[in-house]
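Q: Chains as they are written, first to last, in the working numbering: chain A, 1 to 387; chain B, 1 to 387.
Just so you know, these hints were derived from the structure itself, not from any lab.
You may find that some hints are simply not true.
Note: identical chains are not told apart, hence a pair may lie in one copy or across any two.
Stated by the list, open to error - SDA-like mimics (lysine to any residue), calculated; alpha carbons at most 25 angstroms apart, straight line:
(1) K4 <-> L20
(2) K4 <-> A21
(3) K332 <-> D237
(4) K332 <-> D308
(5) K4 <-> E18
(6) K4 <-> P17
2 protein chains.
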Amino acid sequence: MPEKQYLVTPGPTPVPPEVLAATARPMIHHRGPDYRRMLARLFERLPQLWQTANDVLLFTAAGTGAMESAVANTCSPGDRVLVASAGYFGERWAAIASRYGCDVVHLRYAWGETPDAAQIGAKLEEMGGAHAVLLTHSETSTGVVLDLRELAGRVAGSGALILVDAISSLAAVPLETDAWGLDVVVTSSHKALMCPPGLSLVSVSPAALAAAGRATSPRFYLDWETTLKAQRSSPPDSAFSPAISLILGLDVAVDMILGDGLDAAFERHRRLGRACRAGVKAMGLELFSPDEDRAAVVTAIRTPPDLDSSAVVLAMRESSGVTIIGGQGELKGKIVRIGHIGYVDVFDITTALAALEKALADAGAEIERGAATTAALEAYGDGVPVS
Amino acid sequence: MPEKQYLVTPGPTPVPPEVLAATARPMIHHRGPDYRRMLARLFERLPQLWQTANDVLLFTAAGTGAMESAVANTCSPGDRVLVASAGYFGERWAAIASRYGCDVVHLRYAWGETPDAAQIGAKLEEMGGAHAVLLTHSETSTGVVLDLRELAGRVAGSGALILVDAISSLAAVPLETDAWGLDVVVTSSHKALMCPPGLSLVSVSPAALAAAGRATSPRFYLDWETTLKAQRSSPPDSAFSPAISLILGLDVAVDMILGDGLDAAFERHRRLGRACRAGVKAMGLELFSPDEDRAAVVTAIRTPPDLDSSAVVLAMRESSGVTIIGGQGELKGKIVRIGHIGYVDVFDITTALAALEKALADAGAEIERGAATTAALEAYGDGVPVS
Numbered sequence: 001m002p003e004k005q006y007l008v009t010p011g012p013t014p015v016p017p018e019v020l021a022a023t024a025r026p027m028i029h030h031r032g033p034d035y036r037r038m039l040a041r042l043f044e045r046l047p048q049l050w051q052t053a054n055d056v057l058l059f060t061a062a063g064t065g066a067m068e069s070a071v072a073n074t075c076s077p078g079d080r081v082l083v084a085s086a087g088y089f090g091e092r093w094a095a096i097a098s099r100y101g102c103d104v105v106h107l108r109y110a111w112g113e114t115p116d117a118a119q120i121g122a123k124l125e126e127m128g129g130a131h132a133v134l135l136t137h138s139e140t141s142t143g144v145v146l147d148l149r150e151l152a153g154r155v156a157g158s159g160a161l162i163l164v165d166a167i168s169s170l171a172a173v174p175l176e177t178d179a180w181g182l183d184v185v186v187t188s189s190h191k192a193l194m195c196p197p198g199l200s201l202v203s204v205s206p207a208a209l210a211a212a213g214r215a216t217s218p219r220f221y222l223d224w225e226t227t228l229k230a231q232r233s234s235p236p237d238s239a240f241s242p243a244i245s246l247i248l249g250l251d252v253a254v255d256m257i258l259g260d261g262l263d264a265a266f267e268r269h270r271r272l273g274r275a276c277r278a279g280v281k282a283m284g285l286e287l288f289s290p291d292e293d294r295a296a297v298v299t300a301i302r303t304p305p306d307l308d309s310s311a312v313v314l315a316m317r318e319s320s321g322v323t324i325i326g327g328q329g330e331l332k333g334k335i336v337r338i339g340h341i342g343y344v345d346v347f348d349i350t351t352a353l354a355a356l357e358k359a360l361a362d363a364g365a366e367i368e369r370g371a372a373t374t375a376a377l378e379a380y381g382d383g384v385p386v387s
Numbered sequence: 001m002p003e004k005q006y007l008v009t010p011g012p013t014p015v016p017p018e019v020l021a022a023t024a025r026p027m028i029h030h031r032g033p034d035y036r037r038m039l040a041r042l043f044e045r046l047p048q049l050w051q052t053a054n055d056v057l058l059f060t061a062a063g064t065g066a067m068e069s070a071v072a073n074t075c076s077p078g079d080r081v082l083v084a085s086a087g088y089f090g091e092r093w094a095a096i097a098s099r100y101g102c103d104v105v106h107l108r109y110a111w112g113e114t115p116d117a118a119q120i121g122a123k124l125e126e127m128g129g130a131h132a133v134l135l136t137h138s139e140t141s142t143g144v145v146l147d148l149r150e151l152a153g154r155v156a157g158s159g160a161l162i163l164v165d166a167i168s169s170l171a172a173v174p175l176e177t178d179a180w181g182l183d184v185v186v187t188s189s190h191k192a193l194m195c196p197p198g199l200s201l202v203s204v205s206p207a208a209l210a211a212a213g214r215a216t217s218p219r220f221y222l223d224w225e226t227t228l229k230a231q232r233s234s235p236p237d238s239a240f241s242p243a244i245s246l247i248l249g250l251d252v253a254v255d256m257i258l259g260d261g262l263d264a265a266f267e268r269h270r271r272l273g274r275a276c277r278a279g280v281k282a283m284g285l286e287l288f289s290p291d292e293d294r295a296a297v298v299t300a301i302r303t304p305p306d307l308d309s310s311a312v313v314l315a316m317r318e319s320s321g322v323t324i325i326g327g328q329g330e331l332k333g334k335i336v337r338i339g340h341i342g343y344v345d346v347f348d349i350t351t352a353l354a355a356l357e358k359a360l361a362d363a364g365a366e367i368e369r370g371a372a373t374t375a376a377l378e379a380y381g382d383g384v385p386v387s
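The task is simple: from the sequences and hints, build the whole structure.
A: So, in structure tokens, the structure goes:
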């Protein structure tokens, strides 16, 4: 019998059986009336997840494709943009903007640091403003989640568009698109939206759409105007063959999330983050990601310096069937990361912690054994007394 | 009980239950060893479908995204390209190339005509050569399938890259990438590959890759070099979060197709096309697509001039649960199209014909009743005597 598998990574994330079942329905046509009725329902509810009155555009692509759409549709060669990065995905914003010929001012923080609102505000003043500011709400490579409200507050009023990679944060931690003045907010299906990977979504403000009307960068498949025109048809249509099965799954997942409400989702993720951090600390390991409630997406953990964290990840996978991930880029070999967004409960966390404990002990690391599970459960709490 | 549904369109196409089941497996991670082993197997087998030694690049995107990748990676603004179009998807090549600033010479045939090799050769001479020639192997909007071998033969030797949209033809009708000298051949998952939509694939010749090294058009998500580097890792990797569930399905579908062999697939599609055309003619309807074996992808049928073909499609859907499609662009309202690629057998064809017969009769059209099913079955043939 094959080993039972557990997925505890920050994307892809586990998919609820109801969503899997929807993705496996016999194929239907994307111009048929039932599909288009489903799309109408979906486009009506999606903006609630962004807390916005803006349109949310749906693309069949990885999150990077949607990030690229933000640059290609709002920027022209030579446009001056400010990228604040503190990890792998912040660097990606800078790489995309460079490819499109933007004049990129790159405020580069050490990986694991939290970009600072005052510094970003000062840099923007020093630059005399910018066409756009590109931010990473949740830096999945380090576990850091920005204080996006404060940061956007510093940028707002400068005239710069605010483009946000919220791929791993949307529907996991609070994000108020309209109240915070965010022009473009990108997410993906396989994070807190609990779906398989393959879809990405972008909210676009009126200012972002106006910029798209002027931007000269070439684009076709990721062109916002083309997609918006199709989505605004009545009933909504698709500009290009959409990933029908994944979108049927997304429809179910959105129902599940909004059924409980966004606040419940945020609270659940806060508690999962607390549980994970408490377990890690009880084991005597050092947190790499911040020990704070906002860091509710993924917990990054330093592995003992004499161990290669990639080998730890592989050992967990081989001996326990539990998949977490190691470090990316300059953090490769130094950290492991446990994801806790989407369809995750506290027993996914205790499973990941127990398998980590076992793998580290097997490798001869000096860690506290037998403490992590209980610490995680206590930190999670549930407020429901046993009667 | 909801009405039973039948999908008989040229994309999306019906998905075999084995493929659906693979797409609905609990999620796994794309950096895990089992996923990467599956990728290795997949990338080893995919080129057989193209009949090529070239790499086949896999993108999470609609076919249009892969077509765009062909232009963005091989062309720079000002490059002179020849587009031969005779329908909706040929026009798309021209639109993409225009967006990327190419100098587009557009040899535009009437929709439904078959682009002619001699004319294309003459045009190319008149132009003094071209950077690339953009062709549509199977024009899904009209049902026409090019004599690609002859056409490519005229272009080969001129120094022009040959870029082919084979989205609805690959694995349905013969296509020999290397023998015919095709530099870029694009297809999609939801056509003859029998998968849900959401993936597209592109074979790239050494000449195409060399052009990609020189092309200045901006691209990031659809950049060939980035994807090639990831795919050529050992074991293969993904440049960006891939549509894992769809790729697990593709792995199963490719096994199914290659298990029977490509020649069996071509023969099956030829017979399905014959069956469909025989049924249409037995009903007394006029074919819009050519009455020839090569037109094995989709059969386009003129509807009686006093009927709106879109209404016929809707009526079939409403009264029979059978989904075929109408015309696109200038053919809207004038034709209906029955698809027969992928996981289709002759009883899908007889079902579509029977429902079409019923819808036309209900609408008062003068058609021959009761002849189509038998004509289709006889034209399909199976050579297996009842003992």
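Q: Taking the hints in turn, state whether each one holds.
A: Taking the hints in turn, this is what the structure says about them:
1. For the homomeric pair K4 and L20, the shortest alpha-carbon distances inside one copy (18 angstroms) and between copies (21 angstroms) are both at most 25 angstroms.
2. Taking the shortest Cα distances, K4 and A21 sit within 25 angstroms of each other both inside one copy (20 angstroms) and across copies (18 angstroms).
3. Taking the shortest Cα distances, K332 and D237 sit within 25 angstroms of each other only across copies (16 angstroms), while inside one copy they are farther apart (43 angstroms).
4. In the homo-oligomer, the alpha carbons of K332 and D308 lie at most 25 angstroms apart inside one protomer (8 angstroms), although the nearest pairing across protomers, at 62 angstroms, exceeds that limit.
5. Taking CA atoms no more than 25 angstroms apart as the test, K4 paired with E18 passes in both settings, with 20 angstroms inside one copy and 21 angstroms between copies.
6. In the homo-oligomer, the alpha carbons of K4 and P17 lie at most 25 angstroms apart both inside one protomer (16 angstroms) and across protomers (24 angstroms), since each shortest distance falls under that limit.
Of the hints listed earlier, there is not a single one the structure fails to meet.
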